[in-house]
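Student: This is what each chain is made of:
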Amino acid sequence: MAAILAGLLYASAAVFVAGLAWRIRQYATTPAPLKIPTTPAPTTRGGVAVRLAREVVLFESLFKASLWTWLFGWTFHAGLALVLARHLRYFTDPVWDWVAFVQPFGVYAGFAMAAGLAGLWARRFLVDRIRYISTPSDHLMLALLLAIAASGLAMKYVAHTDIVAVKSFIRGLFVLQVREIPADPLLAVHLALVCALMLVFPFSKLLHAPGLFFSPGRNQVDDPRERRHLAEWAARLETK
Amino acid sequence: MAEITAPALREFPVAPAVSPDAMAASKPYVATDKMQEALGFPGALPEDWHDRAIAKLGEMVGKYRGLRVYLDACVHCGACTDKCHYFLGTGDPKNMPVARQELLRGVYRRHYTLPGKLFPKLVGARELTKDMLDDWYKYYHQCSECRRCSVFCPYGIDTAEVTMAAREILDSVGYGQKYSNEIIGKVHRIGNNLGLPGPALEDTLLGLEEDVKEDTGADVKFPLDQKGAEVLLITPSADFFAEPHVDSLIGYAKVFHAAGISWTLSSKASEAANFGLFIGNYDQMRAIALRIREQALELGVKRIVVGECGHAWRVAYSFWNTLAGIGSGGEDPFARQLQSQLDHRYRQPTHICELTWDLVQKGALVLDKEANDHRVVTFHDSCNVARASRMGDEPGGQFEIPRALIRAVANRYVEMRPGTTHEATFCCGGGGGLLTDEILDLRVKGALPRMESLREVADRHGVNFMATICAICKAQFTKVLPYYGFNRSMVGGVHQLVSTAIRLGAKQ
Chain A
1 MAAILAGLLY ASAAVFVAGL AWRIRQYATT PAPLKIPTTP APTTRGGVAV RLAREVVLFE
61 SLFKASLWTW LFGWTFHAGL ALVLARHLRY FTDPVWDWVA FVQPFGVYAG FAMAAGLAGL
121 WARRFLVDRI RYISTPSDHL MLALLLAIAA SGLAMKYVAH TDIVAVKSFI RGLFVLQVRE
181 IPADPLLAVH LALVCALMLV FPFSKLLHAP GLFFSPGRNQ VDDPRERRHL AEWAARLETK
Chain B
241 MAEITAPALR EFPVAPAVSP DAMAASKPYV ATDKMQEALG FPGALPEDWH DRAIAKLGEM
301 VGKYRGLRVY LDACVHCGAC TDKCHYFLGT GDPKNMPVAR QELLRGVYRR HYTLPGKLFP
361 KLVGARELTK DMLDDWYKYY HQCSECRRCS VFCPYGIDTA EVTMAAREIL DSVGYGQKYS
421 NEIIGKVHRI GNNLGLPGPA LEDTLLGLEE DVKEDTGADV KFPLDQKGAE VLLITPSADF
481 FAEPHVDSLI GYAKVFHAAG ISWTLSSKAS EAANFGLFIG NYDQMRAIAL RIREQALELG
541 VKRIVVGECG HAWRVAYSFW NTLAGIGSGG EDPFARQLQS QLDHRYRQPT HICELTWDLV
601 QKGALVLDKE ANDHRVVTFH DSCNVARASR MGDEPGGQFE IPRALIRAVA NRYVEMRPGT
661 THEATFCCGG GGGLLTDEIL DLRVKGALPR MESLREVADR HGVNFMATIC AICKAQFTKV
721 LPYYGFNRSM VGGVHQLVST AIRLGAKQ
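Chains A and B are the protein sequences, given in the same order. Numbering-wise, my numbering puts 44 at position 44 of the first sequence, and it's gapless, one number per residue. Take the position in the second sequence, starting the count at 1, then add 240; the result is the number in my numbering.
I should point out that these hints are in silico values taken from the structure, not numbers from a laboratory. Quantities reported herein were computed from a predicted structural model and do not represent experimental measurements. Accuracy of the hints is not assured; some may be wrong.
Unchecked claim - Here are the simulated lysine-lysine pairs, DSS-like style, with alpha carbons at most 27 Å apart:
{"id": "1", "chain 1": "A", "residue 1": "K240", "chain 2": "B", "residue 2": "K508"}
{"id": "2", "chain 1": "A", "residue 1": "K240", "chain 2": "B", "residue 2": "K426"}
{"id": "3", "chain 1": "A", "residue 1": "K240", "chain 2": "B", "residue 2": "K453"}
Stated by the list, open to error - Computed, partial: chain B to chain A, Cβ under 7 Å:
{"id": "4", "residue": "V258"}
{"id": "5", "residue": "P282"}
{"id": "6", "residue": "L285"}
{"id": "7", "residue": "A313"}
{"id": "8", "residue": "H316"}
{"id": "9", "residue": "L362"}
{"id": "10", "residue": "G364"}
{"id": "11", "residue": "R587"}
{"id": "12", "residue": "T590"}
Yeah, the Cβ is synthetic: ideal placement off N, Cα and C, and Gly gets one too.
Start from the sequences, fold in the hints, and give me the full structure.
Tutor: This is the structure in structure tokens:
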């Protein structure tokens, strides 16, 4: 089983990294011929960095749009960030100080993450507008994330896994060794689901993560009168 | 034509229940083959329209980063679902911004993404059938490209960009909209949207000179094609004769007169509007903008000033520098040719409100605020000015400067409810190429949120004048106000207020 999981992890991580790099390259190289920031917009690059940071950290626009969606969405994402930070202990040896520091918070974050996901999912059933726009994949994505959270929490609170062995397995993958892994079905499910998440990432709506940074509505500087902004294909029209 | 009904004003502004296909019958007239071909589009749907449309979609995704990111990034969170005035006024779920986008996104998924090719049902990928194409035509003409939804989207997804792309694809397969395409043809042939030829314009302006002379005793001029003038004024052609637009034109002329600034209109570029924006066609938008560049060069002006028009100010402020080198900071020979002629101590282009406000601050105008005391004024932010442009040097100047100007010329001013003004302002219901009477029912319903906040200040504070700086807003409100029990004359321009208050030397 160790070999199967190792193969899956390698393959999905490769698809995740290569796929994401390909999509980011696509976004970066597609021209943005017109200045279309949603105004009022910052007039400097530094201002744009602050605007994006507020979107990434605080979900500012969503906060203005819908308090419930913001509450569930922000709780889920903040929980996920802490949980991911907590998981760094499986990758680093010795464990970095700040990773050690966030361990206790990471536990609560797991519950926060699940609660946020549950809230987001409930909205897909309870609000008629959101029910109308939900596709099967929207439900599946929430199910996938919730199953990852649940299987992870189960290993902490229901049936402990030998995490020292898990760490040894993970660290082994970095030096191309397939070491022993605890024969724990919860662990296998947890890892397999994470693989699935990595596999779909570059092809799904999870692209909202890199997408935000390339959204002209949010990342453009408001200076069209001061600077001439010209895409390559638009500039060619002037030589005709 | 469908029956035109105004929805009841809501006591609490909550989203309506979803009512599928409520607006499935709303559809503007299709352009004739002549109108289409005049713009270089096919005259009617060709046999291979499906493949052409899919190819065009792929081409656009490759040319516009915004479109590509917007089609990929949406997570269906629902933040935008209760933000569109057309959804609030109709309840039709396809008027929720995300659902409107999905009409195009589904087809993009089907043809340009792996999961859409493998598991179309699962990810909501859709075939481009004739029914779907008809849905595009209907529902991308129930979007006024006002961008209110983009303010609330956590990724800044801009439905206007999606609507413009869809309309561009529709045009490319011979399925264009009559209203916009006919008007663009007129701009090219005659010089303005109304098809008002040079001699008629000259007559109109002479008539205005006489009217103002009679009213004020001052020799206020309305110059046309005057070489060597300091300012070229580019204003929507509705300003030349439509009510209440013309009162603002008189206001601009009085300001120029009082400040002693020489100015001119151009008969060949007698139109600020640029409907190329509405149909999402870069070439058309550029061609229309180039007329202004050519006239600025020919007349040798030092400054270019834009009158009260929302989308025109968006194009002027955000795109003129790109499209036609009208602005500052251009390094290339094309841009330098015009920019070396312009006076860069001034913003290029300048909004008429910026110009007048600068003069007010300098004390260059004599203003009698009491002259507006019969009015209780509120201000309707026009969507393109609010969310797609700026005035002055600070972000948000597009809100502050018109308000400061109103306060400088009128004593009684009231704001409408927060959440319906500034960047969250509601569209008048007639923007983005929808100001055409066969879809008046949609326009009336789309005005609902604005009418609600207007009703509130009218009842509480006696507001009897809603000032705005957009020709489309003015025309739309004049038409729909009566459906909500208001007097149609309560809408007008900011420079209409300026015109009332300004005191010209000759009278004293």
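Student: Please write out, lowest number first, the hints stated earlier that are contradicted by the structure.
Tutor: 3, 5, 6, 12
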